[in-house]
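Chains as they are written, first to last, in the UniProt record's numbering: chain A, 1 to 109; chain B, 1 to 109; chain C, 1 to 109.
If you're looking for bench data, these hints aren't it; they were derived computationally from the structure.
A hint or two may mislead.
Just so you know, same-sequence chains aren't split out, so a pair can sit in one copy or run between any two.
Pairs of lysine to any residue residues, derived as SDA-like cross-links and limited to a Cα-Cα distance of at most 25 Å, are as follows [claimed, not checked]: (1) Lys90 / Leu3; (2) Lys15 / Val59; (3) Lys15 / Val53; (4) Lys90 / Asp102; (5) Lys90 / Asp10; (6) Lys90 / Gln11; (7) Lys15 / Gln92; (8) Lys15 / Arg61; (9) Lys90 / Arg26; (10) Lys15 / Ala31.
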Amino acid sequence: MRLVIAVVQDQDSQKLSDHLVERGFRATKLASTGGFLKAGNTTFLIGVDQTQVEDVMGVIRESCQAREQMLNPMNPLGNGVEPMVPYPVKVQVGGATVFVLDVETFAHF
Amino acid sequence: MRLVIAVVQDQDSQKLSDHLVERGFRATKLASTGGFLKAGNTTFLIGVDQTQVEDVMGVIRESCQAREQMLNPMNPLGNGVEPMVPYPVKVQVGGATVFVLDVETFAHF
Amino acid sequence: MRLVIAVVQDQDSQKLSDHLVERGFRATKLASTGGFLKAGNTTFLIGVDQTQVEDVMGVIRESCQAREQMLNPMNPLGNGVEPMVPYPVKVQVGGATVFVLDVETFAHF
Ligand code: NI
Ligand code: NI
Ligand code: NI
């Protein structure tokens with residue numbers, strides 16, 4: 001048994017949830033923050049058999065691959081104040097940090 | 001030293017907290033979601049000596065044992081709309097998923 | 001690779017975050033509760049190389065060392081009701097509980 005702990009940007013969290021369910025993996029989700037961008041993220045706890053680690057890693061990789069995206073300037077306050085970034089910029093989104101831990105004992109009651 | 005990670009339905013969370021305190025175990029609780037029912041749950045982190053793993057597993061089992069319960073139909077919005085389930089149904093509540101991990105180093109400052 | 005799980009009083013959480021960033025450690029933070037005082041706390045997940053465990057433990061110790069503090073009585077409701085503790089008392093604040101776990105596999109996508 002292994003415990004997979006995956007920290008995933010909020011942007012990809014729903015996609016990862018859906019893909020895990022599709023593949024029959026059960027996950028527990030915890031709201032978290034941190035990393036360089038201080039953006040919100042989600043920490044997934046996924047208990048899997050040792051033989052499924054590669055599968056679940058594949059699901060995480062395909063759901064959360066880091067990629068570049070154009071960020072359009074917007075003024076979320078709509079108050080006429082100039083946005084801090086007045087032109088579209090390329091930002092990196094997505095990505096996941098994954099720790100796989102050995103589980104000494106597993107139980108379900 | 002072992003780290004016990006227990007994911008528990010919110011319904012049993014307070015009972016487990018109380019029983020852990022009664023038995024002298026200290027736990028850290030994190031709000032979490034997930035599992036089949038998407039119901040809210042609580043993730044407990046409990047650091048215990050290797051010799052106490054069986055004890056703490058017993059406390060979790062007795063506090064969170066899965067069981068059946070009659071769910072009465074209710075219309076939570078009180079707006080005259082038919083409830084989705086118009087008759088009492090048996091649902092499974094409770095249950096816990098528990099991972100025991102080996103701790104390489106433990107420290108308290 | 002090691003996963004350091006540190007449970008830290010909210011009071012010290014920002015200081016620990018800042019010091020970790022200063023030292024180049026990336027952390028994921030989860031809101032948590034529990035321990036004797038039921039006070040809010042923060043659970044940090046910090047992935048580090050085996051050779052950095054001592055360093056990160058030092059950062060946690062210096063940021064979160066338990067210490068005594070005078071707690072002044074205050075009536076937070078401002079409603080004329082007597083505070084429960086009508087004179088300054090010494091309370092222990094700070095402190096951290098830290099678990100270091102071995103990581104079998106680490107990945108970043
Ligand atoms: Ni898809
Ligand atoms: Ni009881
Ligand atoms: Ni400082």
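Legend entry - Hints breached by this structure: 1, 4
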